[in-house]
Amino acid sequence: MSIEIRQLTHIYDAGTMGEIKALDKIDLTIKKGNVFGLVGGIGSGKSTLASLIAGLEKPTGGRITIDRQPPCPGRNVGILFQQPEDFFFEKTLFRDMTSGLLHSGLAEDEVNERINSTLDLAGLDRQILDQSPFHLNRGTLRLAAFASVLAMRPRVLILDEPTASLDPMSRKRMVEVVEHISGDITIIYISHRLQEVIDVSQHLAVLDKGNVTFTGTRSGYLDWAAEQYGGEFLPVLSQVMYSLYRQGFDVDPDVTCLDDAVEQIRLSLEKT
Amino acid sequence: MIEMEDVTFSYPSADPVLDGINVRVEKGEYLGVMGDNGSGKTTLVRLMTGLLLPQKGTIRVNGISTSDRARLLEIRKSAGMVFQNPDAQAIGETVEEDLVFGLENLGTPVPEIDTRIEKYLRLFGIRELRYRNVRTLSGGQKQLVNLAAVMVMEPECIILDEPVSMVDVVYRRIILEHIPRLNRGGTAIVHITHDPEELTRCHRLIVLSRSGIINQGTTHEVFSQLLDEENMDIPVHFAISRALGLSPVLTTEALLEELCRLRLGN
Chain F
1 MSIEIRQLTH
11 IYDAGTMGEI
21 KALDKIDLTI
31 KKGNVFGLVG
41 GIGSGKSTLA
51 SLIAGLEKPT
61 GGRITIDRQP
71 PCPGRNVGIL
81 FQQPEDFFFE
91 KTLFRDMTSG
101 LLHSGLAEDE
111 VNERINSTLD
121 LAGLDRQILD
131 QSPFHLNRGT
141 LRLAAFASVL
151 AMRPRVLILD
161 EPTASLDPMS
171 RKRMVEVVEH
181 ISGDITIIYI
191 SHRLQEVIDV
201 SQHLAVLDKG
211 NVTFTGTRSG
221 YLDWAAEQYG
231 GEFLPVLSQV
241 MYSLYRQGFD
251 VDPDVTCLDD
261 AVEQIRLSLE
271 KT
Chain G
1001 MIEMEDVTFS
1011 YPSADPVLDG
1021 INVRVEKGEY
1031 LGVMGDNGSG
1041 KTTLVRLMTG
1051 LLLPQKGTIR
1061 VNGISTSDRA
1071 RLLEIRKSAG
1081 MVFQNPDAQA
1091 IGETVEEDLV
1101 FGLENLGTPV
1111 PEIDTRIEKY
1121 LRLFGIRELR
1131 YRNVRTLSGG
1141 QKQLVNLAAV
1151 MVMEPECIIL
1161 DEPVSMVDVV
1171 YRRIILEHIP
1181 RLNRGGTAIV
1191 HITHDPEELT
1201 RCHRLIVLSR
1211 SGIINQGTTH
1221 EVFSQLLDEE
1231 NMDIPVHFAI
1241 SRALGLSPVL
1251 TTEALLEELC
1261 RLRLGN
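Taken in order, these protein sequences are the chains called F and G.
Per the numbering used here, the very first residue in the first sequence carries number 1; after that it's consecutive.
Per the numbering used here, the very first residue in the second sequence carries number 1001; after that it's consecutive.
In case anyone wonders, no lab produced these hints; they're calculated from the structure.
Using N, Cα and C, we set each Cβ at its ideal position, and we do this for glycine too.
Some hints here could point you the wrong way.
Here are the in silico distance ranges between beta carbons for each label pair [to be verified]:
#1 G/E1005 - F/D86: 30 to 40 Å
#2 G/S1247 - F/E232: 49 to 59 Å
#3 F/G100 - G/S1065: 42 to 52 Å
#4 G/S1067 - F/G18: 41 to 51 Å
#5 F/G100 - G/S1224: 20 to 30 Å
#6 G/T1008 - F/G100: 34 to 44 Å
#7 F/Q131 - G/Q1216: 37 to 47 Å
#8 F/R153 - G/L1227: 51 to 61 Å
#9 G/S1209 - F/G15: 39 to 49 Å
Quick list of in silico lysine-lysine cross-link-like pairs, DSBU-like style, CA-CA up to 30 Å [to be verified]:
#10 G/K1077 - G/K1027
#11 F/K21 - F/K58
#12 F/K271 - F/K31
#13 F/K91 - F/K172
#14 F/K21 - G/K1119
#15 G/K1056 - F/K91
#16 F/K31 - F/K172
#17 F/K58 - F/K32
#18 F/K209 - G/K1027
Chain G is faced by these chain F residues, among others (derived, beta-carbon under 10 Å) [unchecked claim]:
#19 S44
#20 D67
#21 P70
#22 P73
#23 V111
#24 L136
#25 G139
#26 S170
#27 Q195
#28 P235
#29 V236
#30 L258
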């Protein structure tokens, strides 16, 4: 499902002294099955854009369509909120994971089948369903929250900081699941971990004060970011490689894998 | 500053999260704590500030036992904590009220309160948020306000539980540069995170796992030992310099300097 965003504007508290223009006539097209990375600073408008695409708020101007339909949460679009595990409070994880699905009117058998299949997808043991969420670690709970959103079978999925506060193992698992489901689901990926956004996304957009300042492929992003803000929007590895490239080292600044970077630096040193 | 001796803690009807742990935070020290989800990092720092009490062992902050509940205010004056979940910390309706709350409780004179609030809002570049309702802020903005709300009290020790997990790169740099500056001014820091890039300026690191403290030492020592661990991240500069057989460095500038020197040598 492709997402068309045209002249999208959103103003909070319009007409009051505290009026805030969060988005200002932005245009974006997100292709079906792509992972689309969204990068931007605090107050850039990325959370507002996420909640508008998720259909949680109505824009004050412009429009968003998902395959020509308006966004409808729980139907054509799902969202994994920041730190979703903090909202688990039931006696068992099963009750936390299934309450939304049962409220949407699905039969119990169907709910069980969906939860079991998305738990498998997330690489989680089904036995955790009987445990209290208070006895499970954050990594497991985050993946379980992800599995319960996937069980809604959204065609468009928004992941808002899905790996914040996760250890390297859980982070790796989360990214693997995202890569596995992309192609079938269109994913909007929001994260402050630049390396991760670049690794996982086919296309990226940068928001700044409610405007789109960049949109394009990942290598286009690296070239753009190298010229901006003294390289602040580059991941650490790219900062190193761009700095070396500028110092005349024969390296590819767009390399994103550590082993490849080390090999290139080694070869470059040998050549001199 | 903080002494934890033979500390054991478990949540109701669960196995111990921490079992016989010993940790010391010296005055003016910058200590980093790493470890997987569920290894007890957050529990450790909640024990340090007396938010939780151990079933076994003792914890002292500036010589005061955290089980001495009558002296809890003294402990809180010495050690301030920034929580992982920004919503767990917001007290006031507006950002200003949030910052005033702690200072008023410490009996800070009113003109001093205003000066300090202005100083820390300016430091983090969030002056325009002063009168905003805390509930309308984004996750990253709330994290900044929480940091400011603890720093404004200027405690002897600041405990940071994933302080920049939801902050964008620009503010991340501002905060991460400010933490060592605070430390150089004499404030002890305990910094918990999964991101090793945040810990490059620590004096000492502790690595926790479900079986206890599995590694501790200077930042260089611990990162060197973690190089071969499959599921542990280490800073990019450190990994590159070690893979090239150079002495380990922790900044882009130091790595560039070393590589340019090598190139000239060739």
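Hint check results:
| no. | hint | result |
| --- | --- | --- |
| 1 | G/E1005 - F/D86: 30 to 40 Å | 32 Å, holds |
| 2 | G/S1247 - F/E232: 49 to 59 Å | 27 Å, violated |
| 3 | F/G100 - G/S1065: 42 to 52 Å | 45 Å, holds |
| 4 | G/S1067 - F/G18: 41 to 51 Å | 46 Å, holds |
| 5 | F/G100 - G/S1224: 20 to 30 Å | 47 Å, violated |
| 6 | G/T1008 - F/G100: 34 to 44 Å | 38 Å, holds |
| 7 | F/Q131 - G/Q1216: 37 to 47 Å | 31 Å, violated |
| 8 | F/R153 - G/L1227: 51 to 61 Å | 42 Å, violated |
| 9 | G/S1209 - F/G15: 39 to 49 Å | 55 Å, violated |
| 10 | G/K1077 - G/K1027 | 15 Å, holds |
| 11 | F/K21 - F/K58 | 14 Å, holds |
| 12 | F/K271 - F/K31 | 43 Å, violated |
| 13 | F/K91 - F/K172 | 28 Å, holds |
| 14 | F/K21 - G/K1119 | 27 Å, holds |
| 15 | G/K1056 - F/K91 | 28 Å, holds |
| 16 | F/K31 - F/K172 | 25 Å, holds |
| 17 | F/K58 - F/K32 | 23 Å, holds |
| 18 | F/K209 - G/K1027 | 42 Å, violated |
| 19 | S44 | 8 Å, holds |
| 20 | D67 | 29 Å, violated |
| 21 | P70 | 24 Å, violated |
| 22 | P73 | 19 Å, violated |
| 23 | V111 | 27 Å, violated |
| 24 | L136 | 8 Å, holds |
| 25 | G139 | 4 Å, holds |
| 26 | S170 | 6 Å, holds |
| 27 | Q195 | 9 Å, holds |
| 28 | P235 | 8 Å, holds |
| 29 | V236 | 4 Å, holds |
| 30 | L258 | 6 Å, holds |
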